[in-house]
Amino acid sequence: MTATMIKEFRLPDLGEGLTESEIVSWKVNVGDTVSLNQIIAEVETAKAVVELPSPFAGVVTALHEQPGTVVEVGKPIVSFEVEGDAGAQVAAGGAAEAPAAKREPNLVGYGAVVEATGRPARRPRNFAAAPPVAEPVETKPVETKPFETKPVETAVPVVEPVETRPVEPKPAETVTGERPRSTPPVRKLAKDLGVDLEQVTGSGPGGLITRDDVRNFVGGGDLPAAAQELAGEAVPTQERVPSAQPGEREVRTPIKGVRKFTAAAMVSSAFTAPHVTEFLTVDVTPAMELLARLKASKAFAGLKLTPLTLVAKAALIALRRNPTLNSRWDEANQEIVQFNYVNLGIAAATPRGLTVPNIKDADRMTLAELSTALSGLTETARAGKTSPAELSGGTISITNIGVFGIDAGTPILNPGEAAILAMGAVRKMPWEYQDQIALRQVMTLSLSFDHRLVDGEQGSRFLADLGALLADPGMALAMV
Amino acid sequence: MLTDEVGQGGTPASGPGNNAGHRGGASQNLVQLITPQGERVSHPEYDPWVRDISDEQLGSLYEDMVVIRRIDTEATALQRQGELALWPPLLGQEASQIGSARTLREDDFVFSSYRDNGVAYCRGVDLTDIVRVWRGNASSGWDPYTVNLAVPQIIIGSQTLHATGYAMGIQNDGADSVAVAYFGDGATSEGDVNEAMVFAASFQAPVVFFCQNNHWAISEPVRLQSHIQIADRPAGFGIPSMRVDGNDVLAVMAATRVALDRARRGGGPTFIEAVTYRMGPHTTADDPTRYRDANELEDWAAKDPIRRVKALLERKGLMTEEFEAAVQRKADAVAREMRAGCIGMPEPEPLDIFKHVYSTPNSWLDRQQDHYSRYLASFGDHAGADSEEGGYSRYVASFGDPAGADSEEGAR
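Same order as they appear, the protein sequences are chains A and B.
Mapping of the first sequence onto our numbering: position 316 corresponds to residue 316, and the numbering continues sequentially without gaps.
Mapping of the second sequence onto our numbering: position 221 corresponds to residue 1221, and the numbering continues sequentially without gaps.
Watch out, some of these pointers could steer you wrong.
Okay, derived cross-link-like pairs now, EDC-like style, lysine to aspartate or glutamate, Cα gap no bigger than 20 angstroms in a straight line [said to hold, decoys possible]:
id : chain 1 : residue 1 : chain 2 : residue 2
1  : B       : 1310      : B       : 1322
2  : A       : 428       : A       : 331
3  : A       : 256       : A       : 472
4  : A       : 304       : A       : 289
5  : A       : 47        : A       : 83
6  : A       : 47        : A       : 81
7  : A       : 75        : A       : 20
8  : B       : 1310      : B       : 1299
9  : B       : 1330      : B       : 1129
10 : A       : 260       : A       : 22
11 : A       : 385       : B       : 1039
12 : A       : 360       : B       : 1322
13 : A       : 385       : B       : 1055
14 : A       : 27        : A       : 16
15 : A       : 360       : B       : 1056
16 : A       : 47        : B       : 1299
17 : A       : 260       : B       : 1287
18 : B       : 1310      : B       : 1126
19 : A       : 385       : A       : 72
20 : B       : 1330      : B       : 1056
21 : A       : 304       : A       : 379
22 : A       : 385       : B       : 1052
23 : B       : 1310      : B       : 1055
24 : A       : 385       : B       : 1296
25 : A       : 260       : A       : 51
26 : A       : 256       : B       : 1287
27 : A       : 385       : B       : 1298
28 : B       : 1316      : B       : 1055
29 : A       : 27        : A       : 81
30 : A       : 385       : B       : 1299
31 : A       : 188       : A       : 198
32 : A       : 47        : B       : 1287
33 : B       : 1316      : B       : 1129
34 : A       : 47        : B       : 1126
35 : A       : 256       : A       : 72
36 : A       : 256       : B       : 1286
37 : A       : 47        : B       : 1286
38 : A       : 385       : A       : 42
39 : A       : 428       : A       : 379
40 : B       : 1310      : B       : 1106
If you're looking for bench data, these hints aren't it; they were derived computationally from the structure.
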């Protein structure tokens, strides 16, 4: 028998207990014929970027999710048309059975099935009547999905409107078959306030009773701010649709991974080191002319020379005269650490977010070595292959905002470093040149420094030195 | 990096059969019989121990290594396809596992860790049984007494105590079999391993401590855990040790034979440090690029255990197309069998959990089982089209802990 059938591959739990993963890229297209275990996608979980091998041999008929989409574990991500009779298919991929299968094994690789209710449907016991609290299932099959569950297929409100929450105590005879759902701290609160949880209607997922529910119960319907917030939050939730759909007004992305790390680093830096930012706009025409000459020279053949290379070299020279900017505030030991080497950090936008890998002992490098190191570093970073060692131990950083066409900014220090330089775009501008107005190549340098360590004088001298070197690279002879 | 040096085959300070072993402080040279380039180098003290290995046997060792690498690749793919919950790859450690396990007698008893699935293959464990636990279908995969291999320990290093105890039992029986404990470099930092060595030395128990130093205890490099070579540690317990190239199947085999021979002749325990490298992640849930330098992996890829045997077989003119194809066929067949066995595994029933607690009836457990089955029955006719059974299963799978939902609020 060679009848074909469509098989879906659902996103497995690729780590231990992960609930979602991001599709980084597809390695196959619709219509491609794939073999068993052929790599079909790259997926990033909270733990790792991993490759997905195909569970089937067949033809790809659909890719259900776009790269960049965060997909819940258990959702179909790709469909295949596979040949063969049903018997053979069992061996080819049992867990990927179509959703219509009467039993969905979820013991392996998929974690817990996200049930509509967040809890199983329990048969009522022999009590007279089953109160709503005990049976949220039948009354609202969809809306009790947990909050964080993103795509809700039907636009049924996730949380009931606040007004409809009954605040009056229920008749005492409404005995429930089981203890109302709540958590130990909430039970403690209820006990302290003398509230019988059996009388309270839970507003949380699956009828979970929250602190606010208990407080509301006591307050007789007066909604504290927190509860209103909670109700307000329900609105975007119900409107949330898969990101591919047009007309979406907002997208919520969980804060995690590199973004979370970057945020923590920036917050800690911004609120521990008092930042000062200074600007200097420089006529860099001579430096650009030098760059052109160097590019043409044999000694630099095959090397990637950019304005960043020259700025980095100039900064390293200026740093030699102003070493204070290459130091660290050691709060724990109440010491200032003066580095006698420079590990030059370069901010790089990578597929996994912002990283600042650094070039070790950059101060000892020749221009050619520096240029090689810079291109190696950015390539590695863009490929997402930067090693942990390259990311730690930086002493000062440069961020090249000029590549985005930006002139100036107030960069935030890479935590632990005393200074960061933002180099702006090189622009042709009317500029004073030999007492005339001329069209010159101009760049703005923005320098942020940690004012605990670096005084205005030292920061200014460094920036002035750097500017002088770029305005007249020959000044290097006078500085080193 | 003291523990990283590899490749100076040659001149050990004392003979491998010497009971005094290496009890001094001096670091040992690495025993190597096949270079990473596939050259057979002679070693006066270890050569005799593998002199009987014919070309055909060398080919069979090669096949075993290719097969367990294939098992490993297939199991990793099965995990990525949602068929296994987790898998601890052994990639790079094939020579350590095959070279040692192929040396054992049937009546020797092995106590292994979770990563030693190549050892399990050698002991004759059914392919489906190898993945049973990793699929979450059973709490143990096989009956230890059918293959003389205890079920793998997840707890780090505790199997060294089990092995030592078993070895003391062998002593009491007056038998000449040996207990072998497999563990990693990280385990040597555990109290269990050190306690096991104390007992093994005190009772001169016939146990072999086979340590695969794969350089990483999850993300902790071995050099941080041991400032001396791991093979130098047993000296403090009075246990002779050997340090072998763990990517060299012949060297591992020779060292294991030395240790087994000593144990069988009443010479007591031996410690083998097989210096190898975990080329993959700690488990499928790990991302080694976050803590490991890519260059290090490259260096070790050049010392690949399979490639060097292949090169040696090529030198000997044994690597024919037919042979290579036959090995590939075997590996593919094993992978197919394991995949089918894994996917076709029947799901366990909720009440199965009571089956393996006590070997004899237990009234307290019976009572719990009764309560639990009545509890499960309370979901029975609610699920509509679902059979009762389906209802139970889904409940148990999703909500093993009915109080689990509490954590949402409790975590705030």
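Status of the hints after comparison with the structure:
1. B:1310 - B:1322: 14 angstroms, holds
2. A:428 - A:331: Since the Cα atoms of residue 428 of chain A and residue 331 of chain A sit roughly 44 angstroms apart, the hinted pair is violated (cutoff 20 angstroms).
3. A:256 - A:472: Status violated; Cα separation ~45 angstroms.
4. A:304 - A:289: 16 angstroms, holds
5. A:47 - A:83: Given that 20 angstroms is the threshold and the Cα spacing comes to 35 angstroms, the pair is violated.
6. A:47 - A:81: 31 angstroms, violated
7. A:75 - A:20: 9 angstroms, holds
8. B:1310 - B:1299: 19 angstroms, holds
9. B:1330 - B:1129: Given that 20 angstroms is the threshold and the Cα spacing comes to 19 angstroms, the pair holds.
10. A:260 - A:22: Answer holds: residue 260 of chain A to residue 22 of chain A is near 15 angstroms, not above 20 angstroms.
11. A:385 - B:1039: 34 angstroms, violated
12. A:360 - B:1322: Between residue 360 of chain A and residue 1322 of chain B the Cα gap is close to 51 angstroms, so the pair fails against 20 angstroms, i.e. violated.
13. A:385 - B:1055: Roughly 42 angstroms between the alpha carbons, so the hint for residue 385 of chain A and residue 1055 of chain B is violated.
14. A:27 - A:16: 25 angstroms, violated
15. A:360 - B:1056: Answer violated: residue 360 of chain A to residue 1056 of chain B is near 51 angstroms, above 20 angstroms.
16. A:47 - B:1299: 25 angstroms, violated
17. A:260 - B:1287: 18 angstroms, holds
18. B:1310 - B:1126: Violated: residue 1310 of chain B and residue 1126 of chain B sit about 27 angstroms apart, past 20 angstroms.
19. A:385 - A:72: Outside the cut-off at roughly 26 angstroms; violated.
20. B:1330 - B:1056: 16 angstroms, holds
21. A:304 - A:379: 12 angstroms, holds
22. A:385 - B:1052: 46 angstroms, violated
23. B:1310 - B:1055: Roughly 12 angstroms separates the two Cα atoms, so the pair holds.
24. A:385 - B:1296: 13 angstroms, holds
25. A:260 - A:51: Roughly 23 angstroms between the alpha carbons, so the hint for residue 260 of chain A and residue 51 of chain A is violated.
26. A:256 - B:1287: 16 angstroms, holds
27. A:385 - B:1298: The given pair, whose Cα atoms are some 13 angstroms apart, holds under the 20 angstroms limit.
28. B:1316 - B:1055: At roughly 8 angstroms apart (the allowed maximum being 20 angstroms), residue 1055 of chain B and residue 1316 of chain B satisfy the hint.
29. A:27 - A:81: Distance ~17 angstroms between residue 27 of chain A and residue 81 of chain A Cα, so the pair holds.
30. A:385 - B:1299: 16 angstroms, holds
31. A:188 - A:198: 14 angstroms, holds
32. A:47 - B:1287: 6 angstroms, holds
33. B:1316 - B:1129: 37 angstroms, violated
34. A:47 - B:1126: 32 angstroms, violated
35. A:256 - A:72: Since the Cα atoms of residue 256 of chain A and residue 72 of chain A sit roughly 15 angstroms apart, the hinted pair holds (cutoff 20 angstroms).
36. A:256 - B:1286: 17 angstroms, holds
37. A:47 - B:1286: 6 angstroms, holds
38. A:385 - A:42: Within the cut-off at roughly 15 angstroms; holds.
39. A:428 - A:379: Status violated; Cα separation ~29 angstroms.
40. B:1310 - B:1106: 28 angstroms, violated
When held up to the earlier numbered hints, the structure conflicts with 2, 3, 5, 6, 11, 12, 13, 14, 15, 16, 18, 19, 22, 25, 33, 34, 39, 40 and fits the remainder.
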